[in-house]
Amino acid sequence: MKKYTYTEKKDTRSGFGDGLTELGRENPNVVALCADLTGSLKMNQFEKENPDRFFQVGIAEANMIGIAAGMTIGGKIPFTGTFANFSTGRVYDQIRQAVAYSGKNVKICASHAGLTLGEDGATHQILEDIGLMKMLPGMTVINPCDYNQTKAATKAIANHDGPVYLRFGRPAVPVFMNEPFEIGKAIVLNEGTDVTIFATGHLVWEAIQAGEQLEAKGISAEIINIHTIKPLDEEAVLKSANKTKCIVTAEEHMMNGGLGDSIAQLISINNPMPIEYVAVNDSFGESGTPAQLMEKYGLNAESIVKAVEKVMKRK
Amino acid sequence: MPSIVELEKVASQVRRDIVRMVHAVNSGHPGGSLGCTDYLVALYFEIMNHQPKPFDMDGKNQDVFFLSNGHISPVFYSVLARSGYFPVAELATFRKLNSRLQGHPTTHEGLEGVRMASGSLGQGLSNAIGAALTKKLNGDKSTVFSLHGDGELQEGQIWEAAMYAAHNKVDNLISCIDYNQQQIDGSTDEVLSLGDLAGKWHAFGWDVLHMNGNNMQNIIETVNKAKTHLGKGKPVMIIMKTEMGNGVDFMMGSHKWHGVAPNDEQLATALGQLEETLGDY
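Those sequence lines, one after another, are chains A and B.
Adding 202 to a residue's 1-based position in the first sequence gives its number in the numbering used here.
Adding 788 to a residue's 1-based position in the second sequence gives its number in the numbering used here.
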């Protein structure tokens, strides 16, 4: 098993904030909009350095998406920032009509996704956002795994012409990713032969931990980071699945509509095989610390290990 | 510069196009389209500085227009075609399979002149504000226009946008409300009263003007007056009194023709009241 280590923990939202700051310096067409969560989204430095290109819209997310869509007319590249719940569910129709259907170059950047938002509870813990966004034709959906990957993704999407949903989170998590980032290109973190674990977002580090535990049990796990859920790197998924013949997916999202759902669809069409899902199963979240919630809802290394053992028996 | 009479002749042809388009597919929205015909003709044939060909999505150094109440697509399509954005003959494809003239306007099929999909109501003011902000960032001195239905003002996003535009001094924007006081289920007073409409926009920090949207002379005078309000720190709203179905006597003044097409006999009656001036498509 390839070794992954870290020397510090950082929040992925800071990767977004730092990436945006660099974009502000490098690309004069990048503009940023925020709905009263500048500090939470780590957009302060961009605002400080580019007051003329930062737009505080207040607590009015529908208007924010509409303005962002309009700003593309004339060549600006708008990055909107608010929590994932208010970035998607609250403004679905605005995104659908003015961004996706209109084909506008808007980057919807969403923090505090999933259960790891923690104590605020289920009103703010959206677990459906990947599904909502990936159903929109033409929408690119990216869920990076750590600070480095979030920063790289933030910079990459500025050079991608078209609507993007970029999802990241609140808690400090290990910074371990040094592989280059390319939209739509899966990253093989560990080569294995017995099972493939496809993981996205905060669950990638957990998948690596699971891989080490599995190795101790004599199981060789291939671990693949799917940061871009749409468009899915079908070639990489099928190549690995055809080798290992069974799959576990891991994500901080609802089972319905998430990464696992995308993988299952691809596999069912091409080469049906056993799949187990580490995801939330048709449930809202609740208040608690991020670690407590991830344990209670089974989104950690231990759950991945159990899912691997189960799926291998189904081979 | 076309005379008032010439503009009225264009409007007559546009009204013919509208009733023929909705009749041909037995669907679409003639009432609001007829009511807003004079305003759109005035914008595209007299007021706006715009370049139909080649169509520039970015609209740099041009005035740009956003139709927020997308269901009045027949008037939008006719005016765009008649002012040179795409072939007039294409009006015959309205609402048909494989057409660029979708039921509600979209950029998705590459129809020249449309810069934003609309249809789901209440969104166009935000879009227009966005375009206006980009014009300011680009040092582009041209103007953004938007048109909204009055029923559409029942959508909350309109008021988010209204608050934003005033707070941020979006003063390169002239918006307009089609104040026909009708919506699908009845009059606006019956369904959900708009109350003191001018008072509301004043209270939200906008300059407010009034005009008769079915009087070409009054439209041009009022919009030209509105242009003198630009650049003074406030967005401008024109409350445009119109008659739904204007130009066709049996369609006038009722919400019943909001989204209903005329039959063959009704079409003949309507066309008898509308002079063919530029040639039917």
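Think of the hints as simulated: they come from the structure by calculation, not from any bench.
Incorrect hints may have been included.
Unchecked claim - DSS-like mimics (lysine-lysine), calculated; alpha carbons at most 25 Å apart, straight line:
(1) A:K250 x B:K1013
(2) B:K924 x B:K1044
(3) B:K957 x A:K250
(4) A:K512 x A:K441
(5) A:K250 x A:K336
(6) B:K957 x B:K1013
Claimed, not checked - One-sided excerpt, in silico: chain A residues whose CB lies under 10 Å from chain B:
(7) Q247
(8) K250
(9) P253
(10) F257
(11) E263
(12) A270
(13) S304
(14) P382
(15) I385
Backbone N, C-alpha and C define an ideal beta-carbon position, used for all residues, glycine too.
Hints, one by one, checked against the model:
1. A:K250 x B:K1013: violated (38 Å)
2. B:K924 x B:K1044: Given pair B:K924, B:K1044 is violated - Cα atoms ~42 Å apart, limit 25 Å.
3. B:K957 x A:K250: holds (21 Å)
4. A:K512 x A:K441: This hinted pair holds, its Cα atoms lying about 22 Å apart.
5. A:K250 x A:K336: Violated, at about 33 Å.
6. B:K957 x B:K1013: Between B:K957 and B:K1013 the Cα gap is close to 19 Å, so the pair holds against 25 Å.
7. Q247: violated (20 Å)
8. K250: Since chain B brings no Cβ nearer than about 18 Å to A:K250, farther than 10 Å, the hint is violated.
9. P253: Since chain B brings no Cβ nearer than about 12 Å to A:P253, farther than 10 Å, the hint is violated.
10. F257: holds (7 Å)
11. E263: holds (9 Å)
12. A270: Holds - the Cβ of A:A270 comes within 10 Å of chain B, reaching about 6 Å at its closest.
13. S304: holds (5 Å)
14. P382: Status violated, d = 32 Å.
15. I385: For A:I385, the interface hint is violated, since the closest Cβ of chain B sits about 22 Å away, which is over 10 Å.
The structure shown violates the earlier hints numbered 1, 2, 5, 7, 8, 9, 14 and 15.
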